[in-house]
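Q: The lines below spell out each chain.
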Amino acid sequence: MDTQFKKGVLEIAVLSLLQKKDYYGYELVQIISKIIEISEGTLYPLLRRLKKEGYLKTYLKESREGPSRKYYQLTNKGKEKGKKMKIDWKNFVNKIDKIIKK
Amino acid sequence: MNKKEFMSELKKNLKGLSKEDREEIIEDYGEHFDIGKKRKRKESEIAKSLGKPKQLAKQAKVELLVSKAEKKKSVKNISRAIFATIGMSFFNLIFVVGIFFGLLGVLIGLFATGFAIAVSGLSLAVLAFLPISLEFISLPLVNHLTVFFVGLGLLCLGTLFCIGTWYVGKGFYIITIKYIKLNIRIISGERE
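Protein chains in written order, with the numbering used here: chain A, 1 to 102; chain B, 1001 to 1192.
Treat the hints as calculated values from the structure; they're not laboratory data.
Note that the Cβ used here is the ideal one computed from N, Cα and C, for glycine as well.
Just to be clear, a hint being listed does not mean it is correct.
Here are the computed lysine-lysine pairs in the DSS-like style, where the Cα-Cα straight-line distance is at most 25 Å [as the list claims (entries may be wrong)]:
(1) A/K34 x B/K1038
(2) A/K61 x B/K1038
(3) B/K1181 x A/K77
(4) B/K1073 x A/K52
(5) A/K52 x B/K1011
(6) B/K1003 x A/K61
(7) A/K77 x B/K1178
(8) B/K1071 x A/K79
(9) A/K70 x B/K1178
(10) B/K1019 x A/K52
(11) B/K1181 x A/K86
(12) B/K1054 x A/K6
(13) A/K70 x B/K1073
(14) B/K1071 x A/K51
(15) A/K51 x B/K1015
(16) B/K1181 x A/K81
(17) B/K1178 x A/K84
So these bits of chain B aren't anywhere near chain A, every CB distance computed over 12 Å [unchecked claim]:
(18) K1012
(19) G1016
(20) I1099
(21) F1100
(22) V1106
(23) L1110
(24) G1121
(25) L1124
(26) P1131
(27) L1155
(28) L1160
(29) G1164
(30) W1166
The task is simple: from the sequences and hints, build the whole structure.
A: Structure, rendered in structure tokens:
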């Protein structure tokens, strides 16, 4: 897949996954990198940016496995952005589909 | 590369960032290693799948400096953002630096011009009130009142000129940030 294409899709993937529940970084990386081929490190800069821009917040939670983990949670601003991106994405895919099917 | 090597390479390339930002980045990757190891992955394998620490550090650095320049507008912040982006070896940007500083010079020049016009206007207006002869202005029909109004006019003109330049400068700043962001996207896209 084209790298520029991937970059844009990553943000949609993160904001959509987090609509359902909170994830910790490692988990998000594993889920996404199974579907979209990325080097695992590239997701963290995106998460930090989304946090800085106020779409995500983080909290620490203990785990049975060992030390506490950083969980990511959507803010209201993030939820709105996620919904909007989902609509934009569907519209975009529909339009491209029309071209492909011609 | 094991965890220790990865982390020290990362730390080495994060110099220049605030302690808080540095720690956050180091914690993110440290946690990734720890959880990966608990899931029976080898350190070398985790390091490899994360990507090159040097590139990750540079990418993080550029993004932080740009967002800082965006929030707090200053010539220092934007220059740091530009040079950090060059650090990611994007040659197109070196070319742009010339233009950037050229335009910065023009802006400073415009400011100075506006300021000079305003100051000369102010001094003319003040001059009109002083009980001195205006013979040195060798124009016909010059009296104190005309000198005062010409001075006032120049003062307004100079001030407006400065305000105009201020807005042009602001626009210039925003465009520069947009341009850097575009470049980051291209660069990090290519480095994956």
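Q: Against the structure shown, which of the earlier numbered hints fail to hold, in ascending order?
A: Hint check: 9 and 13 fail, others pass.
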